[in-house]
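Work out the full structure: start from the sequences and follow the hints.
Protein chains: 2
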Amino acid sequence: MAEQLKDLADDRALLGRTSTAERVSDILRSRIAEGYFPPGTRLSEDSIGGALGVSRNTLREAFRLLTHERLLVHELNRGVFVRVLTVEDVEDIYRTRRLVECAVVRGLGEPPYGLDGLAGAVEEGRRAAREGDWKGVGTANIHFHRELVALAASERTAELMRSVFAELRLAFHVVDEPQRLHEPYIARNVAILEALQAGDRGKAESLLAGYLDDSLERVVEVYRRRVGEDG
Amino acid sequence: MAEQLKDLADDRALLGRTSTAERVSDILRSRIAEGYFPPGTRLSEDSIGGALGVSRNTLREAFRLLTHERLLVHELNRGVFVRVLTVEDVEDIYRTRRLVECAVVRGLGEPPYGLDGLAGAVEEGRRAAREGDWKGVGTANIHFHRELVALAASERTAELMRSVFAELRLAFHVVDEPQRLHEPYIARNVAILEALQAGDRGKAESLLAGYLDDSLERVVEVYRRRVGEDG
DNA sequence: CCGTAGAGGATTGTTCAACGATCCCTCAAT
DNA sequence: ATTGAGGGATCGTTGAACAATCCTCTACGG
Numbered sequence: 001m002a003e004q005l006k007d008l009a010d011d012r013a014l015l016g017r018t019s020t021a022e023r024v025s026d027i028l029r030s031r032i033a034e035g036y037f038p039p040g041t042r043l044s045e046d047s048i049g050g051a052l053g054v055s056r057n058t059l060r061e062a063f064r065l066l067t068h069e070r071l072l073v074h075e076l077n078r079g080v081f082v083r084v085l086t087v088e089d090v091e092d093i094y095r096t097r098r099l100v101e102c103a104v105v106r107g108l109g110e111p112p113y114g115l116d117g118l119a120g121a122v123e124e125g126r127r128a129a130r131e132g133d134w135k136g137v138g139t140a141n142i143h144f145h146r147e148l149v150a151l152a153a154s155e156r157t158a159e160l161m162r163s164v165f166a167e168l169r170l171a172f173h174v175v176d177e178p179q180r181l182h183e184p185y186i187a188r189n190v191a192i193l194e195a196l197q198a199g200d201r202g203k204a205e206s207l208l209a210g211y212l213d214d215s216l217e218r219v220v221e222v223y224r225r226r227v228g229e230d231g
Numbered sequence: 001m002a003e004q005l006k007d008l009a010d011d012r013a014l015l016g017r018t019s020t021a022e023r024v025s026d027i028l029r030s031r032i033a034e035g036y037f038p039p040g041t042r043l044s045e046d047s048i049g050g051a052l053g054v055s056r057n058t059l060r061e062a063f064r065l066l067t068h069e070r071l072l073v074h075e076l077n078r079g080v081f082v083r084v085l086t087v088e089d090v091e092d093i094y095r096t097r098r099l100v101e102c103a104v105v106r107g108l109g110e111p112p113y114g115l116d117g118l119a120g121a122v123e124e125g126r127r128a129a130r131e132g133d134w135k136g137v138g139t140a141n142i143h144f145h146r147e148l149v150a151l152a153a154s155e156r157t158a159e160l161m162r163s164v165f166a167e168l169r170l171a172f173h174v175v176d177e178p179q180r181l182h183e184p185y186i187a188r189n190v191a192i193l194e195a196l197q198a199g200d201r202g203k204a205e206s207l208l209a210g211y212l213d214d215s216l217e218r219v220v221e222v223y224r225r226r227v228g229e230d231g
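As they're listed, the protein sequences go chains V and X.
Here the first sequence is numbered in UniProt numbering, starting from 1 and rising by one per residue.
Here the second sequence is numbered in UniProt numbering, starting from 1 and rising by one per residue.
Some hints here could point you the wrong way.
[Unchecked claim] A short list of chain V residues far from chain X (calculated; beta carbon distances all over 10 Å):
hint, residue
1, 92
2, 117
3, 153
4, 174
5, 224
[Said to hold, decoys possible] Cβ-Cβ distance ranges computed for the label pairs, FRET-style:
hint, chain 1, residue 1, chain 2, residue 2, range
6, V, 23, X, 133, 26 to 36 Å
7, X, 197, V, 126, 42 to 52 Å
8, V, 123, X, 190, 44 to 54 Å
9, X, 177, V, 120, 43 to 53 Å
10, V, 27, X, 53, 40 to 50 Å
11, X, 127, V, 120, 25 to 35 Å
Calculated directly from the structure, the hints in this document are not laboratory data.
Even for Gly, the Cβ is constructed at its ideal location relative to N, Cα and C.
Structure representation (structure tokens):
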């Protein structure tokens, strides 16, 4: 009986957590993630509230949730906009990623590790690449690194990085050259995974660090050009 | 509860400045930090909104800010409560601290570093200790580690840890043996600072790791006993 | 032709009242 | 001891109202 109650307690998370504001924010979050609302878009209270059939108060509550996640920015008396990351933001994102992700790898105990999630993300990326779905490759890439962070088995660390990866997607949407951006890193993720499978943390960490440095450089390079266009 | 509401009404005078919701959250945050609202307390929208003289909408926004900082937990249709950390939470907090703080030290470039903030926090702790203000020692201790994280010069990393440290304060308040908890670590912070001043990152990192391990053990030990009392 | 001031419309900021939904407590019945 | 019904309290959401602010378009003067 105790077993069953424990399992039931896990399901509880799937049950009650559905206020209207949260559901609205879920919808908007995924719309933003998929690029339906590109960075810079203004989200009008009237139109979105009307389209979704919720009141302004509820919608504003959803906006606030997403603002806390740094996906929206709020400008007084002007409304909320999908965040436009600056180059400094992108650099800070990668600074955080390098700090945390490398620390996760370094902090791993003795092998073997639970690498199913990582292997799954690698496979996901390969499949998307075969189908020419470069956006899907980018998503799989993010999944790979999210799984990597999950190896630390720290809820707080995972949550921080979830938000950081969501921000990173904003940068990817601005860049909008998904193949050039994501293709080179499929092989590198495989190499990291193989190093971990071999139990070689040191190699995995240095591969990861190199990956992040290269990725930052590439993203910033394209990003700076792209942002320059608008100004 | 009646006492508390009366006192809250006195804070109403401070409500002259920035966004109302932020000011409300400032008030509540410090009230929680000082233990005025102990963990587990339910914060009623009606009574607190009435005592502070703000509308429910504004108060709910303040609640949301604090919920995002993990100081409050929100239960659907039940309201918000001051968070009660579990032992697992405390362990996760220290897991995150160890991951991030050690990574920050490891990731430092070549010396010298900007250690003024750290030195200031050490001095703050010494002064509080001289005055027997053990709660102040705990605060200074947190400041020390916040300054340590600031060395990474990453806005996102700093923000994560700010929230983690705020949570930690909740644990400290439950434990409520500030001298036993904080006194031993004044000297250890000094040692870490000196290692950094000498440019010895490796030593600083191992001192820091040892500090965090000991601190976790001590907090968890007392915390588990303390939580056991309530059950 | 250009720049500026101002009027008007549109949008957001804030509060309030109301109603339904949910939870908790109590009490009676099995 | 467990179940179920009822009542009271609180939360969730909506809709409306009004003030404050921003944006656009127009008209005026240089």
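Going through the hints against the structure:
no., hint, result
1, 92, "violated, 5 Å"
2, 117, "holds, 18 Å"
3, 153, "violated, 8 Å"
4, 174, "holds, 18 Å"
5, 224, "holds, 19 Å"
6, V:23 to X:133: 26 to 36 Å, "violated, 47 Å"
7, X:197 to V:126: 42 to 52 Å, "holds, 50 Å"
8, V:123 to X:190: 44 to 54 Å, "holds, 51 Å"
9, X:177 to V:120: 43 to 53 Å, "holds, 46 Å"
10, V:27 to X:53: 40 to 50 Å, "violated, 35 Å"
11, X:127 to V:120: 25 to 35 Å, "violated, 54 Å"
Checked against the numbered hints above, the structure violates hints 1, 3, 6, 10 and 11; every other hint is satisfied.
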